[in-house]
Amino acid sequence: MEIKKQIQSMIAEAKIYCTQGLLEEAIVYYQNAKNLVEKNEKVKNRETILKTIEDRIISLENEIQKVKDLKESAPVSSEVQDLIKTKFAFSKDENESALEGAIALAKFGQYERALQEFDELLQVDSLRLAAAKNIIRCHIAMSTIEKAVDIYQEWMAGDLFPQDQLYKINIFFKSIIDSKGLDIMLPQVEEPVDFEMNELGESENEDDEFMDISSIGISLDTGSEKKRMIDLDVSFQQGNEINLIISSKNKDLIDNLKVGFRLNDVQFYSPFAIFTGSGIVSAKTQIGFGPKQGDYSLDITVINK
Amino acid sequence: MANINIKKREIECKIVYYGPGRSGKTTNLEYIFKSYKNYVSGEMISIKTEGDRTLFFDFLPIGLGTIKGYDVRVQLYTVPGQVQYTSTRRLVLKEVDGIVFVADSLKVRREKNMQSLKDLQNNLKGYDLSIFKVPLVLQYNKRDLSKQGIPLMHSELMEKELNSQLKVPSFQASAITGQGVGVTLKECLMLTLKSIRKQLKTVK
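As given, the protein sequences belong to chains X and G, one line each in that order. Here the first sequence is numbered in my numbering, starting from 1 and rising by one per residue. Here the second sequence is numbered in my numbering, starting from 306 and rising by one per residue.
Do not rely on the hints blindly, as some may be mistaken.
[Unchecked claim] List of simulated lysine-lysine pairs, DSS-like, C-alpha gap at most 27 Å:
{"#": "1", "chain 1": "G", "residue 1": "Lys399", "chain 2": "X", "residue 2": "Lys258"}
{"#": "2", "chain 1": "G", "residue 1": "Lys399", "chain 2": "X", "residue 2": "Lys87"}
{"#": "3", "chain 1": "G", "residue 1": "Lys412", "chain 2": "G", "residue 2": "Lys465"}
{"#": "4", "chain 1": "G", "residue 1": "Lys353", "chain 2": "G", "residue 2": "Lys313"}
{"#": "5", "chain 1": "X", "residue 1": "Lys68", "chain 2": "G", "residue 2": "Lys412"}
{"#": "6", "chain 1": "G", "residue 1": "Lys399", "chain 2": "G", "residue 2": "Lys472"}
{"#": "7", "chain 1": "X", "residue 1": "Lys87", "chain 2": "G", "residue 2": "Lys491"}
{"#": "8", "chain 1": "X", "residue 1": "Lys44", "chain 2": "X", "residue 2": "Lys5"}
{"#": "9", "chain 1": "G", "residue 1": "Lys452", "chain 2": "X", "residue 2": "Lys15"}
{"#": "10", "chain 1": "X", "residue 1": "Lys87", "chain 2": "G", "residue 2": "Lys503"}
{"#": "11", "chain 1": "G", "residue 1": "Lys438", "chain 2": "X", "residue 2": "Lys92"}
{"#": "12", "chain 1": "G", "residue 1": "Lys472", "chain 2": "G", "residue 2": "Lys438"}
{"#": "13", "chain 1": "G", "residue 1": "Lys472", "chain 2": "G", "residue 2": "Lys412"}
{"#": "14", "chain 1": "G", "residue 1": "Lys438", "chain 2": "G", "residue 2": "Lys373"}
{"#": "15", "chain 1": "G", "residue 1": "Lys438", "chain 2": "G", "residue 2": "Lys503"}
{"#": "16", "chain 1": "X", "residue 1": "Lys87", "chain 2": "G", "residue 2": "Lys452"}
{"#": "17", "chain 1": "G", "residue 1": "Lys438", "chain 2": "X", "residue 2": "Lys258"}
{"#": "18", "chain 1": "X", "residue 1": "Lys68", "chain 2": "G", "residue 2": "Lys423"}
{"#": "19", "chain 1": "G", "residue 1": "Lys423", "chain 2": "X", "residue 2": "Lys258"}
By construction, these hints were calculated from the structure, which means they are not laboratory data.
Start from the sequences, fold in the hints, and give me the full structure.
In structure tokens, the structure reads:
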């Protein structure tokens, strides 16, 4: 095939990939066409063609970046939020289902709406503690920890929570503050009489069966961090699923922790105990928005303890 | 697991369209919404974003009417195909009853198909489900693009690479024209209902 036709064919293919939304593939074909033009000085209008192709590549790269920058927590209509709330709650029990729906909203990044739902669930005796913890979690995820502190102080001043629940919330919140190294003093709650340590892990709902984990320690078998214990803070937890943020600078760790990777001998740190267990990396997502843009959000399913 | 109400004789099940980004999952649902009006029981909800990509999921409720005395309602979902939305895909897969895997026939998407199928297997594992046991149908989409001179994979190659171990029903399709869309869904529904019938026997 003569050079001109080869170039035309590559550009035509690139254009079709564009119409299919396959932007990376389109860039490859534009790049191939560009290389071919560069190699052949006899191509007519060479400079103009090169400039056109280069502009197209830049424009496609910008489009790709826009897609990458999209945040997974984009606001959606209340109709869609209602759908998330109802369709991602599976329990037959009405209250449990309401809690699941609120948690689903938080998982889809609809924190403001989730907070409204958790707020209502504070009125349900059996879900009060779980709702309170999730309110704190939402504020942590939204980076509005000061607001969580204000709410906690309101709970302390009010009579909604019995002493043992306030104590549990205090321990839970304190562990988050400590794990993040924040300089925030929470008002002390007196330890209730007859309070037993194992009550900290007691379940208020199915998703909350696991003890609260504030950080974990892992060691890898390969890479420059081999065998060294690495401590990572837990940013969010739902039942046996924990979420961690890993800096993009920690390349070895990011490369090693692929989805499906099993981590053995993990040290799980809870406010009162350290236990060893295993976990499986269940999701890894590069954060495309906000102050932690470029870092990785990692979900780990704790499979035993 | 499907929602089975024996008293009310109602079955509600969930079918998820899975596959790599831009493979045509949303286009499948759009075609169903447009062309099977008699079965559609509500609006199609689509959460799209920049570049027409699915952000969270698409949702389309359909009703199959009464089958063996049961009112059968089906909820069709798609997942976001872009690699970075792993956790959303996992959420959408929760309590799935049947899956349509929409593979892209374009040669340049060969690797992406395989990665997405592997991702599906991993995400199912997270719910203690096996890709070899869940009702699953493969769809080789975009066959119409061969007319535009775009290199496509031979369906035999796709069958070998994606289905040699699974050995599930597979269909060639062009979701944009509707070719193969109905037959893919029908087969997935049949497999899903068969699996639910087994569950019903256990419940009884």
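List of violated hint numbers, smallest to largest: Result: hints 4, 16 break, sorted rising.
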